[in-house]
Amino acid sequence: MDSSFWMIVPGNAALSALVWFVIAMPFLYAARTPVHELLHAIGLLAGAPLRASSRWLLGAARDLRERNRQVLLAHGREEAGQQIAREFERVSALVTRDLEGYPALQRRLLDEITRVEEDYKKCGEVPPPPPDWVDAVSAVANVKSGGGELVTRLLEEINRSIQAIHEKTLAEYRRAYEERHEILDGFMPFWRSLDKTLAQADRKMTSLTDRAAAIDAQMARFEQIVGNTDRAEHALTLSALTQFFVATLVIVVAAGGALINFKLIALPMSEMVGAGDYLTASLRTSEVAALVIIFVEATMGLFLMETLRITHLFPKIHALSDTMRKRMLWIAFTLLLTLAGIEAALALMRDMLIADKQALMQSLATTAHAAAAGDGWLARIPTIGQIVLGFILPFALAFVAIPLESFIASARTVGGAALVIAMRALAVLLRLAGAFVRQGARVLGTLYDILIVLPLMVERLLRDRRAPRPDPSPPVTTGLEAVERS
Amino acid sequence: MKRRHFGLGLAALAGAGCSDPRSHSQAVYMLVDTSGTYAVEVSKAQRIVNYLLGTLQPGDSLAVARVKSRSFSEKDIIAKATFDNRPSQANAQKRVFREQMEAFTRGAQGSAYTDITGGLIQGSMFLTETGAGHKTILIFSDMQEELDKVTQRDFPIDLKDIRVVAVNVVKLGTDNVDPRRYLGRLEAWQKRVEAAGAREWRVINDIEHLDGVLKG
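From first to last, the protein sequence lines stand for chains A and B.
With this note's numbering applied, the first sequence covers 957 to 1442.
With this note's numbering applied, the second sequence covers 29 to 244.
No farther apart than 25 Å at their CA atoms in a straight line, the calculated lysine-lysine pairs in the DSS-like style are these:
hint: 1; chain 1: B; residue 1: Lys72; chain 2: B; residue 2: Lys108
hint: 2; chain 1: A; residue 1: Lys1272; chain 2: A; residue 2: Lys1282
hint: 3; chain 1: B; residue 1: Lys177; chain 2: B; residue 2: Lys103
hint: 4; chain 1: B; residue 1: Lys108; chain 2: A; residue 2: Lys1313
hint: 5; chain 1: A; residue 1: Lys1313; chain 2: B; residue 2: Lys72
hint: 6; chain 1: B; residue 1: Lys103; chain 2: B; residue 2: Lys72
What the hints contain is simulated information worked out from the structure, not anything from laboratory work.
Quick caveat: nothing in here was measured; it's all calculated off a predicted structure.
All chains should be modelled from the sequences, with the hints used to inform the complete structure.
Take a look at the structure:
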């Protein structure tokens, strides 16, 4: 079909369009009210469901957040309760271990104090007082000689005697003090022992005080959780987020270990199940067998951790009697040990297969043969390394159960919070889209009015002429507004 | 990429819950031309066989047959083996195979005529019997077929789902005079092979680069 059939003025598309527009203008003016109604209806039709969806999403997000909060607090309550119980167990162990010897300690202290008191009393014994005749001597000494030779000689004799007695008494006095000093010297070991015993008692009491402080802290946390406070919720969410990231990191590291493990046993497994069998287009049976072994090892590790009560993923295992649990523990450990042994053997076989393949390739090469690897201990290091790695990795993988439990526990909180955020974001987007659609309908109505501005101006002019003018500037309303008001 | 395939494969396995019934093994039938002037090239065939032995995996099959005046016979197969699924056993089989090939190259004798078509038919039958998923016929020859008057080979042959690779197609003295003879010879073989239903026709003259021999 000729594309210029619509042109009224041949060869001039712009002028033709203008003429068509002028012709169409009266019809557009006539259709103004229905078009405005149509645009308004479209705006409502598209905007209302969007707004309703947004409101529903916000409500659902609120409900979900509340539910997340309840779950989080319940989980936190349980965890805090367990920690408090654990603290009490520790205190109980401390009391049993340290304070059961307290009577003996007290007896020892009393004995030592009694002994020190006795010695102290011995120290308190004073030396004998000077004899009674000292006063008589003093009186004689005060007698005036008057220059008499007899008296002088008598006094000199008395003086000599007194000097001798004095020296003797002084010596006795010194000896008595020496004895007391010896007793005081004997105090020292008892004082030291006393000090040591008291320090020991103090240490034990301090340890008990620390535990009591820890219990106080846990109790405060527990009270906050029980009180459903925002602070407790915030703390629990942060804790879950940290746990989630740490657990993810550890699981990624463990996945790396599992990959190495897989590489170690995939090739030798082909010796057991065949290298030519495929389960899918790109998946060998030997690779699946290697994967299955790794998964079984991880499962055994999981059971081992469960039976050791390190993780709590399976309530049924925890509900088992101690005897049954111990049996299960030994079964899981034996299987893990066996699998580790098998892996070590497979790692050795891998090394042998690679060496065999290498020898074959060398014999097939037409170029000069490469120097054969020596048989020294250096050449055996990789082999030994592979064997050790094959044995250790299953046990290392067993510990993945711990971060796995943390991951599962925290994923609920993190996933719930992420879902709430996503729902809120979607609600905002829907609300924005609804507003955009409604405002878009208004804009389109205004654009329509701009298109038919000439007839509208004529209409206003005619209306102004007919109607009296009480108000010099009556408000101009668009057709869309008139429709909305109606 | 490989890991993604691995994961997808595992998911597919979990979904299907059964093994893949398709065969993923390869089977290679190599024709070695010992006729006329081409007999001197036999030592190169040993290198190609060594490459194949190093590349083929446990579960794959390999057969080497000579091209003589009439090649449609099991007696012309020099060595054949379907390698064990266990890598250690497969390596042992490869060593034996290599020794058989060495013995052949030491005592290879030329023939008066060159029956490539007969060898192709024999190879096609062998490959079909292996049930391998990927089948390849290697033709180590100058691709100049010469038949005696009695031998009949001018009939359609069946090479369905088989890759045909011509290796070390040397130029004859007459090709040097008129290269169109060489190109025409290769073109004629390509048409014939493709008409027989072959999956691919390929020519590899540089035996230092045999990477494309097994994978299309």
